[in-house]
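*Asks:* In this note's numbering, each number is its position in the sequence shown, counted from 1, plus 1.
These are computed hints drawn from the structure, not numbers from a lab.
Worth double-checking, as some hints may not be accurate.
As the list claims (entries may be wrong) - Result set (EDC-like, lysine to aspartate or glutamate): computed pairs, CA atoms no more than 20 Å apart in a straight line:
| id | residue 1 | residue 2 |
| --- | --- | --- |
| 1 | K165 | E154 |
| 2 | K70 | D105 |
| 3 | K87 | E203 |
| 4 | K40 | E15 |
| 5 | K200 | D105 |
| 6 | K27 | D80 |
| 7 | K25 | D44 |
| 8 | K213 | E203 |
| 9 | K109 | D196 |
| 10 | K25 | D80 |
| 11 | K11 | D44 |
| 12 | K109 | E199 |
| 13 | K40 | D80 |
| 14 | K165 | E199 |
| 15 | K70 | D80 |
| 16 | K165 | D196 |
| 17 | K27 | D65 |
| 18 | K87 | D44 |
| 19 | K165 | D105 |
| 20 | K75 | E160 |
| 21 | K87 | E143 |
| 22 | K11 | E30 |
| 23 | K87 | D57 |
| 24 | K200 | E160 |
| 25 | K75 | E30 |
| 26 | K109 | D44 |
| 27 | K200 | E154 |
| 28 | K70 | E30 |
| 29 | K27 | E73 |
| 30 | K165 | D80 |
| 31 | K40 | E30 |
| 32 | K165 | E203 |
| 33 | K25 | E15 |
| 34 | K75 | D44 |
| 35 | K87 | E15 |
| 36 | K70 | D57 |
| 37 | K70 | E143 |
Said to hold, decoys possible - Restraint-style ranges between C-beta atoms, simulated for each label pair:
| id | residue 1 | residue 2 | range |
| --- | --- | --- | --- |
| 38 | E73 | K200 | 38 to 44 Å |
| 39 | K109 | L58 | 20 to 26 Å |
| 40 | Q161 | N36 | 54 to 60 Å |
A quick note: this is a predicted structure, and the numbers were derived from the prediction, not measured.
The beta carbon of each residue, even a glycine, is placed where N, CA and C say it ideally should be.
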Amino acid sequence: MIGTTCPRFKRETEAVLNLHAKGKSKLMEFLHTQNITVKSPIDISLLYLALTNVMDLNQASVPDWVPSKLGELKNASLDGYRLLSKTTLQQQLNGGAFLKRIVDDSRKFINGSLPGRQIAVYSGDERLFYGVMDILGLPAFELPNSGSAVVFELVSRGEQYLVKVLFYLGPDSEGNIWLPLNLRMGNATTLTPLDVFEKNIEYALPSGDPRKLCSGASSLISNFLLIGGLLALLSRVINCTSE
Numbered sequence: 002m003i004g005t006t007c008p009r010f011k012r013e014t015e016a017v018l019n020l021h022a023k024g025k026s027k028l029m030e031f032l033h034t035q036n037i038t039v040k041s042p043i044d045i046s047l048l049y050l051a052l053t054n055v056m057d058l059n060q061a062s063v064p065d066w067v068p069s070k071l072g073e074l075k076n077a078s079l080d081g082y083r084l085l086s087k088t089t090l091q092q093q094l095n096g097g098a099f100l101k102r103i104v105d106d107s108r109k110f111i112n113g114s115l116p117g118r119q120i121a122v123y124s125g126d127e128r129l130f131y132g133v134m135d136i137l138g139l140p141a142f143e144l145p146n147s148g149s150a151v152v153f154e155l156v157s158r159g160e161q162y163l164v165k166v167l168f169y170l171g172p173d174s175e176g177n178i179w180l181p182l183n184l185r186m187g188n189a190t191t192l193t194p195l196d197v198f199e200k201n202i203e204y205a206l207p208s209g210d211p212r213k214l215c216s217g218a219s220s221l222i223s224n225f226l227l228i229g230g231l232l233a234l235l236s237r238v239i240n241c242t243s244e
């Protein structure tokens, strides 16, 4: 869904890094001693995902220093994701275009121009996940598991339509794997009227065709597939259901 592969996103993120970069951290200097070149926390987030993916497959195949540095790598990764949502343009390209599709499809279903279609499935990566969470006002402090999903459910109550957002924790999670998210939009909690939902996020929704926002030169993050082949975050949209 557009996102971090956009040329305009590259230029905007480069400007953000120039403004917010604090020079090399001790972690970055350590990684340099291990012959790993990282220029920003955004690079560290890709490294962290690759290492954790490899560890899930075979812990013995990672360098000896990795287990002791995982906490630092994780925190730096979260910092990196926050740098991807610093400006409105970043939000529109990474998360906003996806949420615009959610709202538009919901409207189409309500007015009958999306007949017979109740479930739409989209895929994305962790960068899209954090972009969506940031726009929804839900700061994320954990990295999503492989196979996890964000589910947007349109609930009909008479003449009113409400949005319910669930986080599916993934197949390897224990206990309750469906977590309802409290959006805190107006007086709403886990069920938010569609109009209220759209109004609260409209600043991040691209106007017109989102693809027109994506013009320009080369892309900052051109490899949309994550290093190590990590399974992409699955985002699902359930366009209509009744409670």
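*Asks:* All hints, please: hold or fail.
*Replies:* Consistency of the hints with the structure:
With a C-alpha separation of about 5 Å, the suggested pairing of K165 with E154 holds against the 20 Å cut-off. Of the pairs offered as hints, the one joining K70 and D105 is violated, with about 43 Å between alpha carbons and a cut-off of 20 Å exceeded. Our distance criterion of 20 Å between C-alpha atoms is met by K87 and E203, whose separation comes to about 16 Å. About 11 Å separates the Cα atoms of K40 and E15, which keeps this hinted pair within 20 Å; it holds.
Between K200 and D105, the direct Cα distance comes to roughly 13 Å. Compliance with the 20 Å bound is thereby established for this hinted pair. Proposed proximity of K27 and D80 is supported: the alpha carbons are some 15 Å apart, at most 20 Å. Straight-line distance between C-alpha atoms of K25 and D44 comes to about 12 Å, which keeps the hinted pair within the 20 Å bound. Restraint check for K213 and E203: the C-alpha separation of about 18 Å stays at or below 20 Å, so the hint holds.
Restraint check for K109 and D196: satisfied, since their Cα atoms lie roughly 14 Å apart, inside the 20 Å limit. Only pairs whose Cα atoms come within 20 Å are accepted, and K25 paired with D80 is accepted, the gap being roughly 14 Å. Restraint check: the Cα-Cα separation between K11 and D44 comes to about 14 Å, which is no more than 20 Å; the hinted pair holds. With a CA separation close to 14 Å, the supplied pair K109 and E199 stays within the 20 Å bound.
Proposed proximity of K40 and D80 is supported: the alpha carbons are some 13 Å apart, at most 20 Å. Note on K165 and E199: the hinted pairing holds, with a Cα-Cα distance of about 13 Å set against a maximum of 20 Å. Note on K70 and D80: the hinted pairing holds, with a Cα-Cα distance of about 16 Å set against a maximum of 20 Å. Pair hint K165 plus D196 holds up; C-alpha atoms about 13 Å apart against a cutoff of 20 Å.
The suggested pairing of K27 with D65 holds, with an alpha-carbon distance near 18 Å, which does not exceed 20 Å. Using a Cα cut-off of 20 Å, the hinted pair K87 and D44 holds, with the two alpha carbons roughly 17 Å apart. For the hint pairing K165 with D105, the CA-to-CA distance comes to about 16 Å; that is within 20 Å, so the pair holds. Note on K75 and E160: the hinted pairing is violated, with a Cα-Cα distance of about 45 Å set against a maximum of 20 Å.
Proposed proximity of K87 and E143 is supported: the alpha carbons are some 19 Å apart, at most 20 Å. A C-alpha spacing of about 25 Å is found between K11 and E30, which places the hinted pair above 20 Å, so the restraint is violated. About 31 Å separates the Cα atoms of K87 and D57, which puts this hinted pair outside 20 Å; it is violated. Between K200 and E160 the CA atoms are separated by roughly 19 Å; this keeps the pair inside 20 Å, and the hint holds.
A threshold of 20 Å between alpha carbons decides the hint, and for K75 with E30 the separation of about 16 Å falls inside it, so the pair holds. Straight-line distance between C-alpha atoms of K109 and D44 comes to about 39 Å, which puts the hinted pair past the 20 Å bound. Between K200 and E154, the direct Cα distance comes to roughly 17 Å. Compliance with the 20 Å bound is thereby established for this hinted pair. Proximity of K70 to E30 is assessed by CA-CA distance (about 13 Å); at most 20 Å being required, the pair is judged to hold.
As the CA atoms of K27 and E73 are separated by approximately 10 Å, the hinted pair is consistent with the 20 Å bound. Pair hint K165 plus D80 does not hold up; C-alpha atoms about 28 Å apart against a cutoff of 20 Å. Our distance criterion of 20 Å between C-alpha atoms is met by K40 and E30, whose separation comes to about 10 Å. Taking the CA atoms of K165 and E203, the gap is about 17 Å. The hint holds against a cut of 20 Å.
Only pairs whose Cα atoms come within 20 Å are accepted, and K25 paired with E15 is accepted, the gap being roughly 16 Å. Between K75 and D44 the CA atoms are separated by roughly 12 Å; this keeps the pair inside 20 Å, and the hint holds. Restraint check: the Cα-Cα separation between K87 and E15 comes to about 11 Å, which is no more than 20 Å; the hinted pair holds. Restraint check for K70 and D57: satisfied, since their Cα atoms lie roughly 16 Å apart, inside the 20 Å limit.
The hinted pair formed by K70 and E143 meets the criterion: a straight-line CA distance of about 16 Å does not exceed 20 Å. A beta carbon spacing of about 39 Å between E73 and K200 agrees with the range 38 to 44 Å that was offered as a hint. At roughly 42 Å, the beta-carbon separation of K109 and L58 lies outside the given 20 to 26 Å, and the hint is violated. A C-beta distance of roughly 59 Å is found between Q161 and N36, which places it inside the suggested range of 54 to 60 Å.
When each numbered hint is compared with the structure, violations occur for hints 2, 20, 22, 23, 26, 30 and 39.
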